[in-house]
Amino acid sequence: MLKIDILKNHPNTIPELAQLWYESLGKHWATEISLTEITHWYHEWLNNDIPLVYVVLDDNKVVGSCSLQLNDGIRTDLFPWLGDLVIVPKYQGQGFGKQLVNFVAAQAKHKNFEKLYLFVFEKKLIQYYSRLGWAVLTEDIYENKPITIMTINLC
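One gets our numbering by counting positions in the sequence shown from 1 and adding 552 to each.
Simulated from the structure, these hints should not be mistaken for laboratory data. You may find that some hints are simply not true.
Computed list of lysine to any residue pairs in SDA-like fashion (alpha-carbon distance at most 25 Å, straight line) [unchecked claim]:
| no. | residue 1 | residue 2 |
| --- | --- | --- |
| 1 | 560 | 598 |
| 2 | 676 | 560 |
| 3 | 642 | 562 |
Beta-carbon label-pair distances, calculated as ranges [said to hold, decoys possible]:
| no. | residue 1 | residue 2 | range |
| --- | --- | --- | --- |
| 4 | 627 | 654 | 21 to 27 Å |
| 5 | 644 | 667 | 25 to 31 Å |
| 6 | 650 | 613 | 16 to 22 Å |
| 7 | 560 | 585 | 32 to 38 Å |
Because the structure is a prediction, the values reported are computed rather than measured. Beta carbons are placed, not taken as given, at the ideal position from N, Cα and C, and that holds for glycine.
Using the sequences plus the hints, can you model the full thing?
Put into structure tokens, the structure is as follows:
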């Protein structure tokens, strides 16, 4: 059975989530971040309020995670941010990412935010998020890499 919950209720998933983040994002876009740092980051986010990590579980097996945070390291005038979406490869293409993105957006709306932001490094992800209702806001640079900032209205 699919379940989306805050990481605080599932701290035992941190080692697997950290490895997933490292393999999915770290090796490609944040090579300077170690697995130890990622694990520490997840431990720091065992919260009841922003910043939050939401974890997707399928019969208690880790499917993926995503974060809701006030600042994602760029454009502090824009908030909150959806970030760090990672899905275990064998679960990709089955709609879990979409469910998680929509869940996090609903949580942001529940917290009375009117908009939500994210950024992508890869152009192919623009199409993915566009299909979910997101729109391109602007282009920018993050960690010396070109990014696209996207937004969605929550009202």
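Evaluated hints:
Simply put, residue 560 and residue 598 have alpha-carbon atoms about 4 Å apart, close enough for the 25 Å limit, and the pair holds. For the hint pairing residue 676 with residue 560, the CA-to-CA distance comes to about 32 Å; that exceeds 25 Å, so the pair is violated. For the hint pairing residue 642 with residue 562, the CA-to-CA distance comes to about 21 Å; that is within 25 Å, so the pair holds. The hinted range of 21 to 27 Å is satisfied by residue 627 and residue 654, whose Cβ atoms lie roughly 23 Å apart.
Checked against the given bound of 25 to 31 Å, the beta carbons of residue 644 and residue 667, roughly 27 Å apart, stay inside it. For residue 650 and residue 613, the Cβ-Cβ distance of about 19 Å falls inside the hinted range of 16 to 22 Å, so the restraint holds. For the pair residue 560 and residue 585, the supplied restraint of 32 to 38 Å is violated, since their beta-carbon distance comes to about 22 Å.
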